[in-house]
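> So you can see what is in the structure, the chains are spelled out below.
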Amino acid sequence: MPDTVKEMMSAYVAGCMDLRNLAQFVKFLDEGTYIPLDELGELQNIASLIPILLEREAPPASLQNEIFSQIPEDEPVEEPQQRRTKRKVNLSEIIKEELEEKQKPSEEEEDIEIPEKVSFTGLERETVVKEVAEKLEEEIFATKKSSKREEKKKKEVPLEEEQSPHPHVKIKASGKTEQAKKEIVLPPEKGAAVPEREFFQETLPDESDYKKLTVWKIATGVTALIAVIFAIVYFSSSSSYEEEIAKLRQKIKENEITIEDKTEFINQNLPLIEVFELKDLILVDLSSTTDAGSADARILISPSARRGIIQFVNLPEIAGNESLQLWIVNKGQSYSVGVFHPSEKEKFYHLTKIPFIPFDEIEMFRITKEPKGGAEFPTGKTLLFGAFRIK
Amino acid sequence: MNYYAELTDRQLMELVKKRDKSALIELYRRYSELLYPLAKKIVKEEKLAAAIIEKVFLITWKKIEYYFSGAQNPYVWFVTLTRNSAADSARRNRGALSETSEYTDSYENRFIIPRMKEPMDPLELKLAEKIAPKFRNSLEKLTDAQKYVLHLAYYDAYTLDEIADKLRIPVETVRNKVKTAIYNLRDNLLTEE
Numbered sequence: 002m003p004d005t006v007k008e009m010m011s012a013y014v015a016g017c018m019d020l021r022n023l024a025q026f027v028k029f030l031d032e033g034t035y036i037p038l039d040e041l042g043e044l045q046n047i048a049s050l051i052p053i054l055l056e057r058e059a060p061p062a063s064l065q066n067e068i069f070s071q072i073p074e075d076e077p078v079e080e081p082q083q084r085r086t087k088r089k090v091n092l093s094e095i096i097k098e099e100l101e102e103k104q105k106p107s108e109e110e111e112d113i114e115i116p117e118k119v120s121f122t123g124l125e126r127e128t129v130v131k132e133v134a135e136k137l138e139e140e141i142f143a144t145k146k147s148s149k150r151e152e153k154k155k156k157e158v159p160l161e162e163e164q165s166p167h168p169h170v171k172i173k174a175s176g177k178t179e180q181a182k183k184e185i186v187l188p189p190e191k192g193a194a195v196p197e198r199e200f201f202q203e204t205l206p207d208e209s210d211y212k213k214l215t216v217w218k219i220a221t222g223v224t225a226l227i228a229v230i231f232a233i234v235y236f237s238s239s240s241s242y243e244e245e246i247a248k249l250r251q252k253i254k255e256n257e258i259t260i261e262d263k264t265e266f267i268n269q270n271l272p273l274i275e276v277f278e279l280k281d282l283i284l285v286d287l288s289s290t291t292d293a294g295s296a297d298a299r300i301l302i303s304p305s306a307r308r309g310i311i312q313f314v315n316l317p318e319i320a321g322n323e324s325l326q327l328w329i330v331n332k333g334q335s336y337s338v339g340v341f342h343p344s345e346k347e348k349f350y351h352l353t354k355i356p357f358i359p360f361d362e363i364e365m366f367r368i369t370k371e372p373k374g375g376a377e378f379p380t381g382k383t384l385l386f387g388a389f390r391i392k
Numbered sequence: 004m005n006y007y008a009e010l011t012d013r014q015l016m017e018l019v020k021k022r023d024k025s026a027l028i029e030l031y032r033r034y035s036e037l038l039y040p041l042a043k044k045i046v047k048e049e050k051l052a053a054a055i056i057e058k059v060f061l062i063t064w065k066k067i068e069y070y071f072s073g074a075q076n077p078y079v080w081f082v083t084l085t086r087n088s089a090a091d092s093a094r095r096n097r098g099a100l101s102e103t104s105e106y107t108d109s110y111e112n113r114f115i116i117p118r119m120k121e122p123m124d125p126l127e128l129k130l131a132e133k134i135a136p137k138f139r140n141s142l143e144k145l146t147d148a149q150k151y152v153l154h155l156a157y158y159d160a161y162t163l164d165e166i167a168d169k170l171r172i173p174v175e176t177v178r179n180k181v182k183t184a185i186y187n188l189r190d191n192l193l194t195e196e
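Same order as they appear, the protein sequences are chains A and B.
So the mapping is simple: this note's numbering equals the position in the first sequence, first residue as 1, plus 1.
So the mapping is simple: this note's numbering equals the position in the second sequence, first residue as 1, plus 3.
With the rest of the complex left out, here is chain B:
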């Protein structure tokens, strides 16, 4: 029996902190099949998606100090890191980022790496998988406009201004739509049986 396979995600992240490469490999086994389609959906290209996954795991290895040391679950870390990296890549590919937004180490630290701080209590992968059907129902309950705005934001990597331009609505309306969509998702999930 593989020793690492028996450990929780938290324990594996703690081992990664102690420079245990095998622990990161185990995390790759657990998460790559979830993260790869996410990256692919955003960047819309297989090679680029693979490069995003590579970047995510190398960032996790090199910048593990950004991962909050309170032994948090890494699910949100991996998903957000992948989403941010992929969205950044998609924006660059369509020329939506200005020349001043050069991808540097400092840029990565500020805009790509997720902030995980106390008292945040991130989800764990197993719980996320367990409540996935309920979450699907919660998402279905959103209005079409809310779903569309959320899709443009999350998967198409559009900023608020870009969404406003695309939909020809005031940016204030977009902000409000995104807020309503996210809060409704939360409230719907809480009321799901």
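Just chain A, with the same shape it has in the complex:
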């Protein structure tokens, strides 16, 4: 592993990176590139052991309350045992339980023996009703026949007392026959269309009940319809709100990312921006010698601030054990300005340690290839050079 990566990881776990480098390092971490995470984890463990040697000390007693009063109380979370016993506490299970309870026969009902025939389900009920109706029809038809016969007899024989075909229906003599007949609801002839209601007056609701039932049904229907409309309106409006909220959230997220990117850009390029803010910037173009092919470089430097930047273009490959070194040449002497190991990632290098030589005495800049870390005097070939002219 290159030493620079080790240095970066060590600086990261010791917490001494400046923000610009830290931003870059975190970016590498988030992207999962360059950094061996297992080794970084090891070093992080080592660094986090440093405070274990400190003497323990309790924070102020009020601090716990101050912290946790800011955290809203959520639903109390029970211990696993309690969780098991209360696991049914949700709406669907409550409803299910209630339904099961309703379906269970009550204790009283359990005591009652219900014959199989009176189960009133499906066809069985209809069959029973039909049978009863037929029996009654037959009985009444027979009664009507006999009453006709009796009537015939009445015309022949003066009436003293008329016998009702039914033992419980007594028809009084002495001119009250007509009235009595009105009180008795006579069934129609056999075969004629008989309204069922007349036969089952006692079991079926009467007219007013029907009206009430109809009104009730209509009212229920209207209520249900209103409820459905309300539900549709509510859910459609709430879902549209949710969509709106989701869109806004997405927008906020996007804006946050944009801000983050811009902050990152600013952090990364802050030194560059600062250099461009300097008033007396001088541009120096460095040209390549034959050893450097198409390479070139540009230096922007401020004589008053003694700071600047250098940019390399199309550099030849630099071996791992080599570095590039920038020199200022003054009266035949070379003075080091900086040592670089250019990579594709770095666009600019900052020049912060410019020797204190009057700028009007600087003859030229040159870049040589030196052993890694640089040399005291130029030892390698000159790759790039440029004259220095003050405007």
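Think of the hints as simulated: they come from the structure by calculation, not from any bench.
You can trust all of the hints, since none of them are fake.
Pairs of lysine-lysine, DSS-like flavour, derived with a Cα cap of 25 Å:
hint, chain 1, residue 1, chain 2, residue 2
1, B, LYS66, A, LYS263
2, A, LYS252, A, LYS28
3, B, LYS65, A, LYS252
4, B, LYS137, A, LYS7
5, A, LYS254, B, LYS120
6, B, LYS21, B, LYS120
7, B, LYS21, B, LYS58
8, A, LYS370, A, LYS382
9, B, LYS44, B, LYS133
10, B, LYS129, B, LYS20
11, A, LYS354, A, LYS280
12, B, LYS120, A, LYS7
13, B, LYS66, B, LYS50
14, B, LYS24, B, LYS65
15, A, LYS28, A, LYS348
16, B, LYS50, B, LYS65
17, A, LYS354, B, LYS169
18, B, LYS20, B, LYS58
19, B, LYS65, B, LYS120
20, B, LYS65, A, LYS248
21, B, LYS66, A, LYS254
22, B, LYS120, A, LYS28
23, B, LYS150, A, LYS7
24, B, LYS66, A, LYS252
25, B, LYS44, B, LYS150
26, B, LYS58, B, LYS47
27, A, LYS354, A, LYS373
28, A, LYS354, A, LYS332
29, A, LYS254, B, LYS20
30, B, LYS65, B, LYS20
31, B, LYS66, A, LYS248
32, B, LYS150, B, LYS133
33, B, LYS58, A, LYS254
34, B, LYS65, A, LYS254
35, B, LYS65, A, LYS28
36, B, LYS169, A, LYS7
37, B, LYS66, A, LYS28
38, B, LYS144, A, LYS7
39, B, LYS21, A, LYS254
Once you've looked at the hints, dock chain B against the given chain A.
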């Protein structure tokens, strides 16, 4: 017997993820006495140290999603979060951060919250306490210069450049010193009996 007291730190963090406030309170009981002196040593002020601890636990509650979901031990999380928060506060107090470094949510996410990723295998508190004597010996074996640089970095919250300026040595030398100190600590610990 308190139910939460019987749980491991990992289990408590999992409960915190499920918004169990009592689990975080239990973690506070376990960690506050370790984290408070750490914060105090960096910010050098009791009130500020208490504010750092408050921030650490509120971040843990609000941004638990940053805590790796692979049920890691939270020891490194708490220590690093406290150290980062305190170092940031110390740098701000001495005016070492530029105006562009405003403390925002995004800043906090990037520079304060520790990155805990697979395949990192963070320490647990009990193990850290167990190997503390060995770690002390490992630290003693470092050279004075390495110890000093490490102290300036970790407890005084100096950056590499600031250390270089303070010691009047090239920043490359500081980088190398920090690296050597950390790697030597690891190697010394591994060879400790």
